[in-house]
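Visitor: With the hints as a guide, dock the two chains, each given alone in a separate frame, to form the complex.
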Amino acid sequence: MTRIEPPLALLAELTHRCPLRCPYCSNPLELSRARDELDTASWKRVLGEAAALGVLQVHFSGGEPLVRRDLAEIVRHATEVGLYGNLITSGINLDAGRLAELVEAGLEHVQLSFQDIDTASGDRIAGFAGAQEAKRRAARFVRDAGLPLTANAVVHRQNLDRLDKIIDMAVALGADRLEVAHVQYYGWALRNRAALLPSRDQLDAATAIVEGARSRLAGVMVIDYVVPDYYAHRPKACMGGWGQRFLNVTPAGRVLPCHAAETLPGLEFPSVHEANLAEIWYHSAAFERFRGTDWMPEPCRSCDRREIDWGGCRCQAYALTGDAVRTDPACALAPDHRLLAGAIQNSSAAAPDFVYRQYSAALRRSPEPISRPALE
Amino acid sequence: MSEAPRQSVGGNAVLRFAPHARFRFDEVRKAWVVLAPERLLLPDEQAVEILQLIDGGRSVDNVIDELVHRYEAPRDVIAGDVIKMLQDLVDKKVLR
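As they're listed, the protein sequences go chains A and B. 1 is the number of the first residue of the first sequence in this note's numbering; add one for each residue after it. 1 is the number of the first residue of the second sequence in this note's numbering; add one for each residue after it.
Keep in mind the hints are simulated off the structure, nothing from the lab. Just so it is clear, CB atoms sit at the ideal spot from N, CA and C, and this is done for glycine as well. One or more hints might be untrue.
The calculated SDA-like cross-link candidates involving lysine to any residue, where the alpha carbons are at most 20 Å apart (straight line), are [stated by the list, open to error]:
(1) B:Lys92 <-> A:Val210
(2) B:Lys92 <-> A:Val226
(3) B:Lys92 <-> A:Arg216
(4) A:Lys236 <-> B:Glu38
(5) A:Lys236 <-> A:Arg143
(6) B:Lys84 <-> A:Gly219
(7) B:Lys84 <-> A:Val210
(8) B:Lys30 <-> A:Leu53
(9) B:Lys92 <-> A:Arg214
(10) B:Lys92 <-> A:Glu179
(11) B:Lys92 <-> A:Val222
(12) B:Lys92 <-> A:Gly174
(13) B:Lys30 <-> A:Val81
(14) B:Lys30 <-> A:Gly48
(15) B:Lys92 <-> A:Leu147
(16) B:Lys92 <-> A:Val171
(17) B:Lys92 <-> A:Gly219
(18) B:Lys92 <-> B:His69
(19) B:Lys92 <-> A:Leu53
(20) B:Lys30 <-> A:Gln244
(21) B:Lys92 <-> A:Ala181
(22) B:Lys84 <-> A:Arg214
(23) B:Lys92 <-> A:Ser215
(24) B:Lys92 <-> A:Tyr225
(25) B:Lys84 <-> A:Leu217
(26) A:Lys165 <-> A:Asp123
(27) B:Lys30 <-> A:Ala218
(28) B:Lys30 <-> A:Ala172
(29) B:Lys92 <-> A:Leu217
(30) B:Lys30 <-> A:Glu5
(31) B:Lys92 <-> A:Gly212
(32) B:Lys92 <-> A:Arg143
(33) B:Lys92 <-> A:Ala218
(34) B:Lys84 <-> A:Val220
Covered, in the sense of this in silico footprint (three residues per stretch, anywhere, with C-beta under 8 Å from a C-beta of chain A), are these stretches of chain B [what the hints assert, rightly or not]:
(35) 18-25
(36) 37-47
Bound-form chain B, shown alone (with noise of 0.2 Å):
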């Protein structure tokens, strides 16, 4: 069998988006969009600004410092809204 452990996201992640996963600007909707296998995502504002800091080099924990940064927002709301939205594109095989 060539199953592979789930991917638990953690602060100290580092992620990247899969290889067969676009992340780009649709220029006909003037929005981002996520292309991918059997998938198209429309990510709504706050997704976007997330994504465009996973570039893989910033560790997760950097992501939510930035948007606490940015937001002067309590650090546990942000960091829970971040980790599960990570996580769920990680199980859909968006990001690795």
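This is chain A alone, in the form it adopts within the complex (with noise of 0.2 Å):
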């Protein structure tokens, strides 16, 4: 194993509350309450960690971290130790009173959510009436403030046919940037999957528009894409490798690899309340386990691509075998490859309806891997 390098990034997942309730988010399908997230001076704390570890980005995410009475606060602290702050958000919440905060603290950019391109569909996909029109207004605070924007759009079936509306929308928004991401199938997404992953000719007609418009626009927006791997040849590098690049902390201040690591069963992340963010990613059995590649089966130890992809993701292994050690089925030559036929085979059938993400009681439970037979 060769040198361990600092980290690049800090995703701040500072709560899982969110006004939106988008059936692809992120976050995992046990959230965290309110009682349970780090308070002011913690956050503090961590910042000053990460940036003495040599992290040089921090996300402020969620949930929503406007929710947060003391974001600006925490944004301050970051600016102070030298971080480039970075606000992720749905702009549900936003007005230019609370922007002005976040400016005067130290805030660099913002990348602001769109779910689709009108306010029935989008108001829709998120779950929430008024979304898209908060959103247009929260645009316009942005580009007021003098803050850069980027615009992120999660693509699937039920949006891509607009997509080149979409990149027409966020140009005239003023977005310096557009992501246009895929959904990755894991916790809320893998639960809806069937209703949100797309056709393979849905997807070569967006990547052909997204080539189009990169070039049409080249020096006016810059298009970031994120393609689904389930019709890939080889695995994405999940966080550029685990262990490698990015950490994350949650809500509650456990510190994972990434944001969805705790859906893996066996491995204890450390909190922040145990240990300083040097010590976990350099010395904690979590941040270990799938590092470099050592814990490699065949045919990743072998393969000469094997310091390109990491062995793709480890939380899609296990979500989609029930083995996180197996290689990510996403790559053609994993032996759980065929699993994802079965899943594009199903796409093609009506789209059911969205399962909402929420807090349950009934979801207050480790999700299941889904076995092999439920997807033939």
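Guide: The structure is reproduced here in structure tokens:
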């Protein structure tokens, strides 16, 4: 194993509370309650430890980070310790006063989510009446405040046919950047996979639209494109490799190599209450578990892409096969690759209703892996 | 539409870092870094040397002249490399 590099970025999930109920939410099925959230002083300490460890950028996320009344105080501390601060928001609770407070605290950039282009569909996907209009307003506040704006559009079978209009909307809103992100299927999104997974034709059309828009809009708006790995031949290098570039702190203070890592069984993720970030990054068993290449099974172990893909995504491997150590089924070389073919065939059937994200007693148990027979 | 035309980098252009791009020395890595929205760049030694000359005062031609002087290298080779790198950073909205 080569030297462990310091992390580049921290995803600070300040809360799981959010006005929206998107059916592909990246938060876990078991959401943290407000009373379990880290307090202001703990977040400040964590940010100081992150900067000392070598973290350069912090992404304030959630849930909806604006529901934290101490957000500006936390952002100010990040600025003071030298971190570059990004806000990842639904925009629902954003107003000019709140934004001015954040700009004054040193916030550098806002990433604003959009579910679709129009009120009816945007509000339906977000599960919140008035969401689309609030987002348009929020985009204007960000532009008026002189902050760079990234629009984020999560795309799937129910909005992908309007991708060209989503791109036009982002340009019209004055976005510097548009992130077009296909849904990644864990947690809520896996539960809603049949309602979200696009067809191959939809995907090919979308990819062509992105390529056309990129050349047409060069120098005007940058388009980042996250492809769905269900249609890939090689897996994504999840998080740039486990424990190599990113760390995530959950609302309750657990430190994770990625936001979905708590779905994996048998791993004890350290809390910021028990250890500082440097100890956790360099020495915890959880960060060591899938770092580098020593843990890899075949065909990864002898693959010439093992230090490019890093074996793909551990959470996806577990969610689809029940075994976190297997090669990510997104890889065409994986013994479980046929599991994806089953899901893709089902995507041509009629889309079922969404299961919206919610706090629910019924869901307050560990998610179960989808067993192989269920996919065939 | 608030669409502005693409900014093309020529010899007369005077570039500066965009307001929310930060070019700074990282004490942990002992290396220069560029921080920008959704972008984190770790420039190599030569890129650092070019970026240190981007001060909102010098033109791109002046930057190239300075590097030709330092390296005693053919101007057209240096000019090609410099303009290519700067155009890329303008397109990424790190420089303007």
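Visitor: Now tell me if each hint is right for this structure.
Guide: Going through the hints against the structure:
1. This hinted pair checks out: lysine 92 of chain B and valine 210 of chain A have alpha carbons roughly 16 Å apart, not beyond 20 Å.
2. Distance hint between lysine 92 of chain B and valine 226 of chain A is fulfilled; the C-alpha atoms sit about 17 Å from each other, no more than 20 Å.
3. For the given pair, lysine 92 of chain B sits about 15 Å from arginine 216 of chain A by alpha-carbon distance, which is consistent with the 20 Å threshold.
4. Distance restraint check for lysine 236 of chain A and glutamate 38 of chain B: the Cα-Cα separation of roughly 18 Å lies within the 20 Å cut-off, and the hinted pair is therefore satisfied.
5. Restraint check for lysine 236 of chain A and arginine 143 of chain A: the C-alpha separation of about 33 Å exceeds 20 Å, so the hint is violated.
6. The suggested pairing of lysine 84 of chain B with glycine 219 of chain A holds, with an alpha-carbon distance near 14 Å, which does not exceed 20 Å.
7. Between lysine 84 of chain B and valine 210 of chain A the alpha-carbon distance is near 23 Å, which puts this suggested pair outside the 20 Å criterion.
8. For the given pair, lysine 30 of chain B sits about 13 Å from leucine 53 of chain A by alpha-carbon distance, which is consistent with the 20 Å threshold.
9. A hinted pair counts as satisfied when its Cα atoms are at most 20 Å apart, and lysine 92 of chain B with arginine 214 of chain A qualifies at roughly 12 Å.
10. Among the hinted pairs, lysine 92 of chain B with glutamate 179 of chain A is consistent with the structure: their alpha-carbon atoms are about 13 Å apart, no more than 20 Å.
11. At roughly 7 Å between alpha-carbon atoms, lysine 92 of chain B and valine 222 of chain A fall within 20 Å of each other, so this suggested pair holds.
12. Distance restraint check for lysine 92 of chain B and glycine 174 of chain A: the Cα-Cα separation of roughly 15 Å lies within the 20 Å cut-off, and the hinted pair is therefore satisfied.
13. Of the supplied pair hints, the one linking lysine 30 of chain B and valine 81 of chain A holds, its CA atoms being roughly 17 Å apart against a limit of 20 Å.
14. About 19 Å separates the Cα atoms of lysine 30 of chain B and glycine 48 of chain A, which keeps this hinted pair within 20 Å; it holds.
15. Distance restraint check for lysine 92 of chain B and leucine 147 of chain A: the Cα-Cα separation of roughly 15 Å lies within the 20 Å cut-off, and the hinted pair is therefore satisfied.
16. Distance restraint check for lysine 92 of chain B and valine 171 of chain A: the Cα-Cα separation of roughly 15 Å lies within the 20 Å cut-off, and the hinted pair is therefore satisfied.
17. Our distance criterion of 20 Å between C-alpha atoms is met by lysine 92 of chain B and glycine 219 of chain A, whose separation comes to about 7 Å.
18. Taking the CA atoms of lysine 92 of chain B and histidine 69 of chain B, the gap is near 29 Å; set against the 20 Å cutoff, the hint is violated.
19. A hinted pair counts as satisfied when its Cα atoms are at most 20 Å apart, and lysine 92 of chain B with leucine 53 of chain A does not qualify at roughly 27 Å.
20. The hinted pair formed by lysine 30 of chain B and glutamine 244 of chain A meets the criterion: a straight-line CA distance of about 18 Å does not exceed 20 Å.
21. Proximity of lysine 92 of chain B to alanine 181 of chain A is assessed by CA-CA distance (about 18 Å); at most 20 Å being required, the pair is judged to hold.
22. As the CA atoms of lysine 84 of chain B and arginine 214 of chain A are separated by approximately 18 Å, the hinted pair is consistent with the 20 Å bound.
23. For the hint linking lysine 92 of chain B to serine 215 of chain A, the alpha-carbon distance of about 13 Å falls within 20 Å, and the restraint holds.
24. Of the supplied pair hints, the one linking lysine 92 of chain B and tyrosine 225 of chain A holds, its CA atoms being roughly 14 Å apart against a limit of 20 Å.
25. Under the criterion of a C-alpha separation no larger than 20 Å, the hint pairing lysine 84 of chain B with leucine 217 of chain A is consistent with the structure, at around 18 Å.
26. Proposed proximity of lysine 165 of chain A and aspartate 123 of chain A is supported: the alpha carbons are some 17 Å apart, at most 20 Å.
27. Taken as a hint, the lysine 30 of chain B and alanine 218 of chain A pair is broken in the structure, with Cα atoms around 33 Å apart against an allowance of 20 Å.
28. With a C-alpha separation of about 41 Å, the suggested pair lysine 30 of chain B and alanine 172 of chain A falls outside the 20 Å cut-off, and the hint is violated.
29. As the CA atoms of lysine 92 of chain B and leucine 217 of chain A are separated by approximately 12 Å, the hinted pair is consistent with the 20 Å bound.
30. Note on lysine 30 of chain B and glutamate 5 of chain A: the hinted pairing holds, with a Cα-Cα distance of about 12 Å set against a maximum of 20 Å.
31. Of the pairs offered as hints, the one joining lysine 92 of chain B and glycine 212 of chain A holds, with about 17 Å between alpha carbons and a cut-off of 20 Å not exceeded.
32. About 18 Å separates the Cα atoms of lysine 92 of chain B and arginine 143 of chain A, which keeps this hinted pair within 20 Å; it holds.
33. Of the supplied pair hints, the one linking lysine 92 of chain B and alanine 218 of chain A holds, its CA atoms being roughly 9 Å apart against a limit of 20 Å.
34. Between the alpha carbons of lysine 84 of chain B and valine 220 of chain A the distance comes to roughly 17 Å, so the proposed pair stays at or under 20 Å and holds.
35. Residues of the region 18-25 of chain B with a Cβ under 8 Å from some Cβ of chain A number 4, which satisfies the need for three, so the listed coverage holds.
36. Coverage of the region 37-47 of chain B by chain A holds in this model, with 3 residues showing a Cβ closer than 8 Å to a Cβ of that chain against a need of three.
Hints 5, 7, 18, 19, 27, 28, counting from the list given before, are not met by this structure.
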